[in-house]
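Residues 1 to 334 (my numbering) are what the sequence shown spells out, left to right.
Read the hints as simulated data drawn from the structure, not as lab findings. One or more hints might be untrue.
Said to hold, decoys possible - Calculated cross-link-like contacts (lysine to any residue; reagent style SDA-like; alpha-carbon spacing at most 25 Å):
{"no.": "1", "residue 1": "324", "residue 2": "310"}
{"no.": "2", "residue 1": "17", "residue 2": "28"}
{"no.": "3", "residue 1": "290", "residue 2": "310"}
{"no.": "4", "residue 1": "57", "residue 2": "132"}
{"no.": "5", "residue 1": "172", "residue 2": "150"}
{"no.": "6", "residue 1": "69", "residue 2": "176"}
{"no.": "7", "residue 1": "192", "residue 2": "145"}
{"no.": "8", "residue 1": "196", "residue 2": "252"}
{"no.": "9", "residue 1": "172", "residue 2": "116"}
To be verified - Label pairs and their calculated CB-CB ranges:
{"no.": "10", "residue 1": "302", "residue 2": "157", "range": "29 to 39 Å"}
{"no.": "11", "residue 1": "58", "residue 2": "306", "range": "39 to 49 Å"}
{"no.": "12", "residue 1": "65", "residue 2": "85", "range": "39 to 49 Å"}
{"no.": "13", "residue 1": "131", "residue 2": "165", "range": "30 to 40 Å"}
{"no.": "14", "residue 1": "65", "residue 2": "327", "range": "20 to 30 Å"}
{"no.": "15", "residue 1": "85", "residue 2": "317", "range": "18 to 28 Å"}
{"no.": "16", "residue 1": "298", "residue 2": "188", "range": "37 to 47 Å"}
{"no.": "17", "residue 1": "111", "residue 2": "330", "range": "46 to 56 Å"}
Even for Gly, the Cβ is constructed at its ideal location relative to N, Cα and C.
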Amino acid sequence: MKTIAILAVLLLHCSSKYLLPECVFQPNWYWGVFFESISRFGVPLFIMVSGFLILRKDQPISSVPRRIKRILIPFIFWLVIYVIAKFVMINHSFDLFQFGYFLIQAFLDPTIASIEFWFVYMILGLYVFSPIITTWLHNAEIYEIEYFLIVWALFSFVGFSNVDFLLYDYLKYFTGSIGYFILGYYLYIKQKSILKNRNFGLLLFVAGTLVSFLGTILSSMAIGGQSLLFFNLGDVTPNACLQAIGIFIMVSNTDWEKYSKSINNAAVCFGIGSYGVYLANVLFINILDKIISFDIMRNAALTIILEWIIVFIVCNIFIRLMSKIPVLDKFSGI
Numbered sequence: 001m002k003t004i005a006i007l008a009v010l011l012l013h014c015s016s017k018y019l020l021p022e023c024v025f026q027p028n029w030y031w032g033v034f035f036e037s038i039s040r041f042g043v044p045l046f047i048m049v050s051g052f053l054i055l056r057k058d059q060p061i062s063s064v065p066r067r068i069k070r071i072l073i074p075f076i077f078w079l080v081i082y083v084i085a086k087f088v089m090i091n092h093s094f095d096l097f098q099f100g101y102f103l104i105q106a107f108l109d110p111t112i113a114s115i116e117f118w119f120v121y122m123i124l125g126l127y128v129f130s131p132i133i134t135t136w137l138h139n140a141e142i143y144e145i146e147y148f149l150i151v152w153a154l155f156s157f158v159g160f161s162n163v164d165f166l167l168y169d170y171l172k173y174f175t176g177s178i179g180y181f182i183l184g185y186y187l188y189i190k191q192k193s194i195l196k197n198r199n200f201g202l203l204l205f206v207a208g209t210l211v212s213f214l215g216t217i218l219s220s221m222a223i224g225g226q227s228l229l230f231f232n233l234g235d236v237t238p239n240a241c242l243q244a245i246g247i248f249i250m251v252s253n254t255d256w257e258k259y260s261k262s263i264n265n266a267a268v269c270f271g272i273g274s275y276g277v278y279l280a281n282v283l284f285i286n287i288l289d290k291i292i293s294f295d296i297m298r299n300a301a302l303t304i305i306l307e308w309i310i311v312f313i314v315c316n317i318f319i320r321l322m323s324k325i326p327v328l329d330k331f332s333g334i
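Please construct the entire structure, taking both the sequences and the accompanying hints into account.
Below you can see the structure in the form of C-alpha cells.
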C-alpha cells in the first residue's frame with residue numbers, strides 16, 4: 001500500500017506545476033487538474049497505512065523515541081540538502097551566517113525549504129500521541145471509534161468549506177490528519193462485508209476522483225479563475241477521503257501473491273523505501289524542470305507521465321544506493 005501511496009504523491013507533485021492561475025482553462029491546466037484529481041489520496045493513504053500498522057499493536061511510550069529517530073534523522077539530512085539548494089538558488093552565493101539563519105527558520109517551518117515537508121512534522125505529532133491513542137482504541141467499543149470518526153468527518157467538512165463557525169475553533173482536536181490515522185485502524189478491525197468489497201472500494205475511488213476533477217473545474221468557472229478548494233494541503237477533504245478509503249479497501253482485500261508473486265515482492269521492496277523517496281522526490285523533479293527544462297513537446301499529459309516514471313525510478317535507485325553506503329545509510333529512510 002505504501003508503494004501505491006508514494007506513486008500517487010509523485011504523480012501529484014509532477015502535475016502541480018500546471019496548476020497556475022495564468023494557465024486556468026487552458027488544455028494543459030485541465031491535464032494538471034486531471035492528474036491531481038486521481039492522486040489526491042497519496043498522503044491520506046500513507047497516514048491510514050501508518051494507523052493500520054501502528055495502532056493495532058500496543059505502543060509503549062518507550063517506542064516513541066525510536067520512531068521519532070527513524071523519521072527525524074533522514075529528514076534533517078534532506079532538509080539541509082534542500083536548504084543549501086534553495087539558499088544558493090535565491091542568493092547565488094553562500095554566506096555562512098545567512099545560511100545558518102535560513103536553516104534555523106527551515107527547521108522551525110520546513111515548508112519554506114520544500115512544501116511537502118509539512119508531512120514530516122504531522123506524522124511526528126501522530127507518533128508522539130500514538131501510545132495514548134492506542135490505549136484508548138484498544139479499550140474503546142467500536143461505536144465509540146465510529147463516533148469519533150463521524151465527528152471528525154463533520155468538522156473536517158466545516159473546515160474544508162471555509163464556513164466561519166466559532167465552534168470549529170474549539171473542536172480542532174477532532175480535525176486534521178488524526179482522523180486518517182484512526183480510520184486506518186478502524187477499517188482493519190471493522191468486520192463488515194461492504195468494507196471488504198473491492199467493487200465498493202472502486203466506487204468510492206471513482207466518486208472521490210470525480211468530486212476532485214469536476215469540483216475544481218466548476219468552482220474555478222464559478223469564480224472566473226483558479227480554485228484549489230478540493231486540493232487542500234493535507235487533503236482532509238471529502239474527495240481525498242473517499243479516494244483513500246476506496247484504495248485501502250481494494251488493496252487490503254486483494255491477495256497480491258495469488259495474482260503475481262513478483263509484483264507483490266516489488267511492491268514490498270518499493271514500499272520499504274517510500275519515506276526516502278518522499279523526502280527526495282521534489283529535488284529530483286526540480287532538477288528535471290529547471291535544469292533540464294523537462295517538457296515533452298509542450299504536451300502536459302505526456303510530460304507528467306514520463307516525468308513521474310523517471311522520478312520514481314531515479315529516486316528509488318538513489319535511495320537504494322544510499323542505503324548501501326555506510327555513511328549515508330542512516331539518511332536513506334530505509
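Cross-check of the supplied hints:
For the suggested pair residue 324 and residue 310, the alpha carbons sit about 21 Å apart, so the restraint of at most 25 Å is met. For a cut-off of 25 Å, the pair hint linking residue 17 to residue 28 stands: about 10 Å separates their Cα positions. Restraint check for residue 290 and residue 310: satisfied, since their Cα atoms lie roughly 15 Å apart, inside the 25 Å limit. Distance hint between residue 57 and residue 132 is fulfilled; the C-alpha atoms sit about 12 Å from each other, no more than 25 Å.
For the suggested pair residue 172 and residue 150, the alpha carbons sit about 14 Å apart, so the restraint of at most 25 Å is met. Between residue 69 and residue 176 the alpha-carbon distance is near 23 Å, which keeps this suggested pair within the 25 Å criterion. Restraint check for residue 192 and residue 145: satisfied, since their Cα atoms lie roughly 15 Å apart, inside the 25 Å limit. A distance of roughly 8 Å separates the Cα atoms of residue 196 and residue 252; the hinted pair therefore holds under the 25 Å criterion.
Between residue 172 and residue 116, the direct Cα distance comes to roughly 22 Å. Compliance with the 25 Å bound is thereby established for this hinted pair. For the hinted restraint 29 to 39 Å between residue 302 and residue 157, the CB-CB distance of approximately 36 Å keeps it satisfied. About 46 Å separates the C-beta atoms of residue 58 and residue 306, a value consistent with the hinted range of 39 to 49 Å. Range check, residue 65 to residue 85: Cβ separation about 30 Å, and the 39 to 49 Å hint is violated.
Checked against the given bound of 30 to 40 Å, the beta carbons of residue 131 and residue 165, roughly 32 Å apart, stay inside it. Take residue 65 and residue 327: their Cβ atoms lie about 23 Å apart, and the range 20 to 30 Å holds. Judged by the Cβ atoms, the range 18 to 28 Å given for residue 85 and residue 317 holds: they are separated by roughly 20 Å. The given range of 37 to 47 Å is respected by residue 298 and residue 188, whose C-beta atoms sit roughly 45 Å from each other.
At roughly 24 Å, the beta carbons of residue 111 and residue 330 sit outside the given window of 46 to 56 Å.
This entry does not satisfy hints 12, 17, going by the numbered hints stated previously.
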